[in-house]
Every structure is written in C-alpha cells, then in structure tokens.
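Chains as they are written, first to last, in the UniProt record's numbering: chain A, 1 to 475; chain B, 1 to 475.
Derived by calculation from the structure, the hints in this document are not laboratory data. Hints are not guaranteed to be accurate.
Label pairs and their in silico Cβ distance ranges [unchecked claim]: (1) 296/A x 101/B: 33 to 39 angstroms; (2) 270/B x 124/A: 17 to 23 angstroms; (3) 222/A x 275/B: 37 to 43 angstroms.
Quick caveat: nothing in here was measured; it's all calculated off a predicted structure. C-beta atoms are modelled at their ideal positions from N, C-alpha and C, and glycine is treated no differently.
Protein chains: 2
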Amino acid sequence: MPIDPAPLKAFLVEQLGEAGVIDDPADLPRYTTDWAGDRRGEPLLVARPRTTDEVASVVAHCRRHGIPMVPQGGHSGLVGGALPDDARPELVISLERLNRIRAIDPLNFTISVDAGCVLQTVKDAAADHDCDFPLSLGAQGSCQIGGNVATNAGGLNVLRHGMMRQLVLGLEVVLPDGRIWNAMHALHKDNRGYDLKQLFIGAEGTLGIVTGAVLRLSPRTHNTRTALVAVPDVAAAMALYGQARRSCCDLLSAFELIPRACLELAFEADPSLPDPLGSPYPIYVLLEVAASGPLDLDALIEHLFETGMAAGQILDGVLAGSDTQAERLWQIRERMVEGQQLRGEHLRTDIALPISTLADFFAAASRRMVERSPDTTVIAYGHIGDGNLHFNLLPPAGLTLADKKALLHELETELFALVDDHHGSISAEHGIGRVKQAPYLAGLAPVERELLEGIKRLFDPEELMSPGRILPRRH
Amino acid sequence: MPIDPAPLKAFLVEQLGEAGVIDDPADLPRYTTDWAGDRRGEPLLVARPRTTDEVASVVAHCRRHGIPMVPQGGHSGLVGGALPDDARPELVISLERLNRIRAIDPLNFTISVDAGCVLQTVKDAAADHDCDFPLSLGAQGSCQIGGNVATNAGGLNVLRHGMMRQLVLGLEVVLPDGRIWNAMHALHKDNRGYDLKQLFIGAEGTLGIVTGAVLRLSPRTHNTRTALVAVPDVAAAMALYGQARRSCCDLLSAFELIPRACLELAFEADPSLPDPLGSPYPIYVLLEVAASGPLDLDALIEHLFETGMAAGQILDGVLAGSDTQAERLWQIRERMVEGQQLRGEHLRTDIALPISTLADFFAAASRRMVERSPDTTVIAYGHIGDGNLHFNLLPPAGLTLADKKALLHELETELFALVDDHHGSISAEHGIGRVKQAPYLAGLAPVERELLEGIKRLFDPEELMSPGRILPRRH
Numbered sequence: 001m002p003i004d005p006a007p008l009k010a011f012l013v014e015q016l017g018e019a020g021v022i023d024d025p026a027d028l029p030r031y032t033t034d035w036a037g038d039r040r041g042e043p044l045l046v047a048r049p050r051t052t053d054e055v056a057s058v059v060a061h062c063r064r065h066g067i068p069m070v071p072q073g074g075h076s077g078l079v080g081g082a083l084p085d086d087a088r089p090e091l092v093i094s095l096e097r098l099n100r101i102r103a104i105d106p107l108n109f110t111i112s113v114d115a116g117c118v119l120q121t122v123k124d125a126a127a128d129h130d131c132d133f134p135l136s137l138g139a140q141g142s143c144q145i146g147g148n149v150a151t152n153a154g155g156l157n158v159l160r161h162g163m164m165r166q167l168v169l170g171l172e173v174v175l176p177d178g179r180i181w182n183a184m185h186a187l188h189k190d191n192r193g194y195d196l197k198q199l200f201i202g203a204e205g206t207l208g209i210v211t212g213a214v215l216r217l218s219p220r221t222h223n224t225r226t227a228l229v230a231v232p233d234v235a236a237a238m239a240l241y242g243q244a245r246r247s248c249c250d251l252l253s254a255f256e257l258i259p260r261a262c263l264e265l266a267f268e269a270d271p272s273l274p275d276p277l278g279s280p281y282p283i284y285v286l287l288e289v290a291a292s293g294p295l296d297l298d299a300l301i302e303h304l305f306e307t308g309m310a311a312g313q314i315l316d317g318v319l320a321g322s323d324t325q326a327e328r329l330w331q332i333r334e335r336m337v338e339g340q341q342l343r344g345e346h347l348r349t350d351i352a353l354p355i356s357t358l359a360d361f362f363a364a365a366s367r368r369m370v371e372r373s374p375d376t377t378v379i380a381y382g383h384i385g386d387g388n389l390h391f392n393l394l395p396p397a398g399l400t401l402a403d404k405k406a407l408l409h410e411l412e413t414e415l416f417a418l419v420d421d422h423h424g425s426i427s428a429e430h431g432i433g434r435v436k437q438a439p440y441l442a443g444l445a446p447v448e449r450e451l452l453e454g455i456k457r458l459f460d461p462e463e464l465m466s467p468g469r470i471l472p473r474r475h
Numbered sequence: 001m002p003i004d005p006a007p008l009k010a011f012l013v014e015q016l017g018e019a020g021v022i023d024d025p026a027d028l029p030r031y032t033t034d035w036a037g038d039r040r041g042e043p044l045l046v047a048r049p050r051t052t053d054e055v056a057s058v059v060a061h062c063r064r065h066g067i068p069m070v071p072q073g074g075h076s077g078l079v080g081g082a083l084p085d086d087a088r089p090e091l092v093i094s095l096e097r098l099n100r101i102r103a104i105d106p107l108n109f110t111i112s113v114d115a116g117c118v119l120q121t122v123k124d125a126a127a128d129h130d131c132d133f134p135l136s137l138g139a140q141g142s143c144q145i146g147g148n149v150a151t152n153a154g155g156l157n158v159l160r161h162g163m164m165r166q167l168v169l170g171l172e173v174v175l176p177d178g179r180i181w182n183a184m185h186a187l188h189k190d191n192r193g194y195d196l197k198q199l200f201i202g203a204e205g206t207l208g209i210v211t212g213a214v215l216r217l218s219p220r221t222h223n224t225r226t227a228l229v230a231v232p233d234v235a236a237a238m239a240l241y242g243q244a245r246r247s248c249c250d251l252l253s254a255f256e257l258i259p260r261a262c263l264e265l266a267f268e269a270d271p272s273l274p275d276p277l278g279s280p281y282p283i284y285v286l287l288e289v290a291a292s293g294p295l296d297l298d299a300l301i302e303h304l305f306e307t308g309m310a311a312g313q314i315l316d317g318v319l320a321g322s323d324t325q326a327e328r329l330w331q332i333r334e335r336m337v338e339g340q341q342l343r344g345e346h347l348r349t350d351i352a353l354p355i356s357t358l359a360d361f362f363a364a365a366s367r368r369m370v371e372r373s374p375d376t377t378v379i380a381y382g383h384i385g386d387g388n389l390h391f392n393l394l395p396p397a398g399l400t401l402a403d404k405k406a407l408l409h410e411l412e413t414e415l416f417a418l419v420d421d422h423h424g425s426i427s428a429e430h431g432i433g434r435v436k437q438a439p440y441l442a443g444l445a446p447v448e449r450e451l452l453e454g455i456k457r458l459f460d461p462e463e464l465m466s467p468g469r470i471l472p473r474r475h
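Modelling step: build the complete structure from the supplied sequences, incorporating the hints.
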C-alpha cells in the first residue's frame, strides 16, 4: 500500500517548521540527483532536521508508521547509497541544517561536529587553530561529515592519515528505532567493550543516522612540497613509491598515478594548462611531502630524485618552486576528472590491489580490455600509494547509449574477475550502495553474508533505514 | 552437570596428537596464571592446535558438546580475559603452536601471520625486510598477535602508529560454531560492506578465535633519537606535547610521563641506574623521535629544547648521544614497572583522558586519593601523548592483605568516578575482561548494552566462547 505523504508532511511541519520540509518540485533536484548527475530517484518528501533530537523524532515517527528512510549528506557518494529509491518511496532525511561545529580542542587534537558540517568547513575551522583535518576529497566543498563517516571516505591523504575510519574518535547516531546512541568521546585510546562505532562507519546509513562525530586532528602542515615526475612504467612507479616512503620518512602525503591519457583529458578540460615537462612521457606520478615544522623538504625530494634517476625509476621531473606552481600541478589531477566527465558515458570503478601486484594488474587489465573492445579507451589513475586505482573506461564514440552501457557492463564484469584473481577489492573507497551490489554479492562468502544480514536485522529489524543498500531487501 | 574431560581428551588426542593436549599438572601453570601472577584459573584441559582447520575442528566439537572455551595467547592481558574460569571449567585453546609467518610483502608493506606468532618474532621478521611492525609493548617477547588483535593492544608507539586496530588489514577467525571466516586481505583500502573485522578486534575472544592476521608495516626507522626532559608540572608536560607534535613533524614516536616517584621505583629495582639529570625534578618526560630516512633529528630535538626552555616547559634535559645511552633512558621506563611489582599488592589502572584535561585530572585525582588515604602512594605514569595514564596506587605498608585489597577497591571506585567526571575511559588499552567488568557495566548506557548483547547473541548464541568476559553470562 503506497504511503500517504500528507500526514507525514503535517508531522514534519509541526516538528521541524515549514523550512524543515521540502516537497516543491522546484526545490527537489538537489536531493534527487547525485553528483555524477547520471542517476535520479524521487523521494516521498525531504525532511531537514536541525538537531539530533529532531532527527530522533523523525526516525521514531517513521518507525511507528513503517516509512522507509534514507539519510543524505552532500550527495557525492557515487554508488546510489543516498539516492531515494523510486521503487518504494523513501523519506529523505537531509542533514544539511544540522551543521554546527560543536567544539574544537587543539591541545587534544580533536574537533567535535554535527554530521551536516561540510568537510571544507571543518578543515577551515581546524586551520584556524593551527591544525589540519587531513581528509581531502575532490568533493570537499560539498560533501558532509556524516556522509564521510557513513561511507568511510578516502581521498588523497589516505597513505599518510588513513581513511575516515582512522579519523573518527567519537560518534553520535540515531538508531533505526529513534533512540540516540551517544558516544561522542574525545579519547585517543578507549578499549571498553566492542567498538560499536566501527559498525556505523562505512555502513552507508543502513544501521542508523550519524548525527555527530569527534574527529582527530593533526598539526597544521605549514611546509609542503609538490613534485611531478615522469616514470617509464607502472612497475617503476610502484618501486618509486617504496623508495619514497622510506626516504621521505613517512612525511609523504600524496602519491598519484597519472598516465599520459589522463593528462590529455586535463588539457581537453582546460586547454590553457601547459604540458608540465619538456616532452611527453607515458606515465607520471604527482607526489606531495608535508611537514608541520621547519624541515628541509627540498633536500628530501632532491635526494629522492637522485636515487630514483640513478635506479631508472624517474625519467624527468619538476619540483614546484612556489604554491602557485604546486596548485598548477594539482590542477592536472582535478581537470582530468572534469575532462572524463566531458567525454560522456563511461565506466567508473574504484578498485584496490595489493601495492605489490598493482603493476601486474594494470598491465593485464589494460591488455584484456583492449582485446575485448579495441576502441575502448582505458583511463586508469589513482591513489596508488594505497593500492587504489580508478580503472575507468571510455567506450567507442560511435555506439548508441544503450550499446555503450551494455559494453561497459560486460567489461566491468571482466575487470572485476581480474580484480578477484589479483586478490583485490571492487570497492576501495566508494562503498557498495546500490550500484555495486550485484558484483559485491557475487563475491561475498555465505558465512560473511549471514553475519552481515544478522547485524542488519539486529539494528533495523523493520528494514526501514536505507533499505536495499549494501545488502538486498529481505522483503 | 560437570563436563567429563575424558572423551574430550580422547577427541583432542585423536585430532591434535599427544602434544596437542595438556593435562599434566606440572605443565599447567603457564596456562593457569597470568603475567601479573596474581590471578589463577584451572582449565578443563589445554588444547594446542597447529592449524586453523584444527582450531575449527576443536571449536565445532565444543559447540556440539556444550563445552565452554577460552582462547589463550601470551597471557599478558592483565584483565583476566584469557584466564580459565574456575566457576565453570573451560577448555583453554592455546594458539602457541599456530605460529607460522605466512608471507611478507615489503613492497605492499604487509606481513601475514598466524595468530600464535610472538610479537617480537613478527617485529624481527619485518626488520629482516627493512620494515617495522610498530606495535611495541613491555610484553612483546611473549605476547602473541592473536591476543594483540583480541585486546586491541596499545603500548608505546600509539601516538605515531595507532592501536592494533589501525595495524590490522586482514583477519581470519574461527567462529563460535566452528566455521572459518577468511578475510586475509592484504589491502590498504577496502570499503566492501560492513567492516566485520573491526568487531573481532578488541572483542577479547568473545566472538570467535582469531587464527591469522594481515598486518600493516611501515618503513624501518633507522634514525632514532631519545631524550629525557624535566618539566615543572603535568600541565607543562601536556603543553610540551602539543609543541613537540608540531615541531617534530609527526615523527614523534613516544612521549611518556614519568613522575619522580616512578624514577625512585626504577632505582629500587636496579640500584645501578644513575639519576639521569644532575639534580632531581618533580616530573620527567621520556620522548623519542624516529625517521626512516636521513633527517637531522638532533636539530629537531634541539629546536624543541630551545622553545620548551624559553616557554618554561622544560627545566633541564638530556639527549641520548648513542644507542646505549638511549637504552639506559628506556631502562628507567622498564625498571619502574618492575619496582612497582616488587612493592607487592597495588592497584593498577589504565585510564584515558582527553589530553587537554589530563593535567587537571592528574591534580584532582592525586588530591582526592591523598584525602581519602594519606599514606597511599600515587604512582601515575603513562603514554600521555595518547592521554593514557596508568594511575596506580601503592597502599600503606602496615595493612593486612585483606585491608589493602578493600582500601584499593574503594579508591578505585573514587578514581573511576573522577575519570567519568573528566569524560575519560576506565580502560584505555587493557580491555575489560572479567576484572574491569563491574565498573564497565556501571557506566554502560542501556541502549549500548542492548546492542552489544545482541551482537554477542548473534555470533555466539550458545554462549560458549569466552563466556562472561566483557559482558556477563546470560545463563
């Protein structure tokens, strides 16, 4: 029986005020279309609570009336986790008005925030106190902390500071029955009982709604150096990574693989970008070293250049001489993603491999894709310091949209089989949501599935909280 | 009805061979007495499987016959988690023969090991490949990886490398029904579904038996500097910590608070130890900075000395000029724990506070303890870079043992109330086991207890796996 939105709306207006509910079609698009723009879903309504208590009261109401819910942050998750499900209309609970910085404690290196805080806002607040919140993503100007927690976000600085999981010390969650679990501990060590917060981190909103978090900060890195080097092949890039971690003393904060084809995409998006080195090379690595104190980072990088060149791992390179030059190098990384968007329909993946097998995988997968579809273009780049590769595919231009989609689906299946063969993961950082569910379930051991389903049932027996994400609906 | 050990023994001998079972009273003490030596428990028998399959077959047998089990590693956990329960005899499953290094992959910075590997063995294997496994504990010569995982071990290097939880990438667990959950992934990023391994880490063996782990390594730190500084008070030590993290660029690897009373204990244990500075001071900090590459760490520490002295945070100090001198400084830290043991009955705690409130807590707790029992000696030291304090108490010498125990229990209750007031944790790294269960349950929110009990029930419905640890038995 379809749910009547009228009494739900009346309840929400009474609880949250007029501004707390959105149902005007003109205002809906930001809640119905995700960042990639290629998927949509219509909600029953959108609720916009301002406090944890308001979230709890909305969730309790939904539980009483059997209304499915989906929490939503900045909506840049890319796997359909926060997108309303058209098949069975859901109440979108947007956290965007629950966006207060609750406290910052620079001596404890912690910040306590509402889930709706935009990541960049949290980074700025930390910087005001001479600290860094190190999570760094392309979407940091719009993504929210609650979403970062729910998806265990990754990004550019993982090799130095870990995923979001490593940055969360405390958590506040509204459970699917409307009760509040408050564990906003600002403790760097706490070994009391099972670490329940770990279950909510990365659960994509299926076990409850994250409403607040205590995050770990690090000393502000005032001292940063960026370099772009050309390497002969992916194997050399990986060997250079091992060398860079050692000689840069754990101060390495980014290590990004950028094949020439990706550089060309960046030029397509921004023709004013100069070719960064004198002549073109097959593979580049963009690397960054950062320190909070007065260390001679130039000497570290120059030493790395010398040993890398002597070992044949580095063919050429440039060390940014100023912040402006460093920004220009980072623009290559950002523009290439825009260039990829401009090419239209494509396959985006987010895979992880053991760092030691990444080069082999790269070669095998590139070969296999070209065998299967000679005119498909491989666009593979990523955070290879974490073994994380965005191995993406642009289909041949001549095909119809339907044929492109069919081809990409087929190639994805091939690719994921290769990931399996190389003991990798089909989701390094984006999660499962609805988009990656089929291949995820195909690779899931029965014993693990049974335990995960048991956990979901324990937390959300009525299956009302982000139903069908990660695991399929039972009913 | 008591369990008859005879058929169990026959099964174990058949499955594991004669050497796989221990029931000779002469061989039992190492399984019945924990490291602190002040608690004992008699097992039904001791099983010593050599492989994961053998563990699985023993567990399945126990499940079929309703026999309670308790996994045991190096037995240095200090909260009675691995100690057999006298009240309802348990089969001790010792992992000591499941002790193979399975694989080491220096380019991936990972090592894959059996749970029974001794921590020091793993550290040595990593060092052979120019890597560090950074977990560092007093008990590292005897504690085992499985126990480190089960207790989410901490230790000296947490401020730089995190607890065991941050060092585990993959896990293999024998579930309470005897099935094997194999998630030995060697991936630095993996966001597929709920992160089930997090539940087993720190569960103290109550949800299954860890049989293998893939651990994260870091570049070998060839370059280490150790210093001991005298500070006027705990507040100055905490301010110095903030300064040290910033100026040492995240290369700070230890920051230990050592009040003068602890130094005196070290002298009691080893009268040959010289007073490290010219004259005595109220509070010392032992700090270490480590790097894998050729950085000038002396310059970093000297800069810290200068700014610390100018700010009145440092009164005096010594920078070890050689490895031998550095070892001598670390001996103070080790000998003081021995000196404490020599004093006989005492209260050991393992609490955590927000770093910014630690100095206030230290003053308030010291005052309160002396008010309550003027002749009790406070011995408080710890990993204050993590906010972790071992706030221990030596009772007045004149009391009977029973009176000492009663007094210490009373003081512990007072102390834990103060920890609560300061938003701290009663267990920073040792866990709950059976010893800390009563104060843990007293502070546990009903909603959290309900979820934890649900998880225990889901994994171990028959309540046979380490029953009564963390949570009390239901039956």
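Each hint, compared with the structure:
1. A beta carbon spacing of about 38 angstroms between residue 296/A and residue 101/B agrees with the range 33 to 39 angstroms that was offered as a hint.
2. Remark: the range hint 17 to 23 angstroms for residue 270/B to residue 124/A is contradicted by a beta-carbon distance near 52 angstroms.
3. For residue 222/A and residue 275/B, the hinted distance range of 37 to 43 angstroms is satisfied, since their beta carbons lie about 39 angstroms from each other.
The structure fails hint 2 only (numbered hints given earlier).
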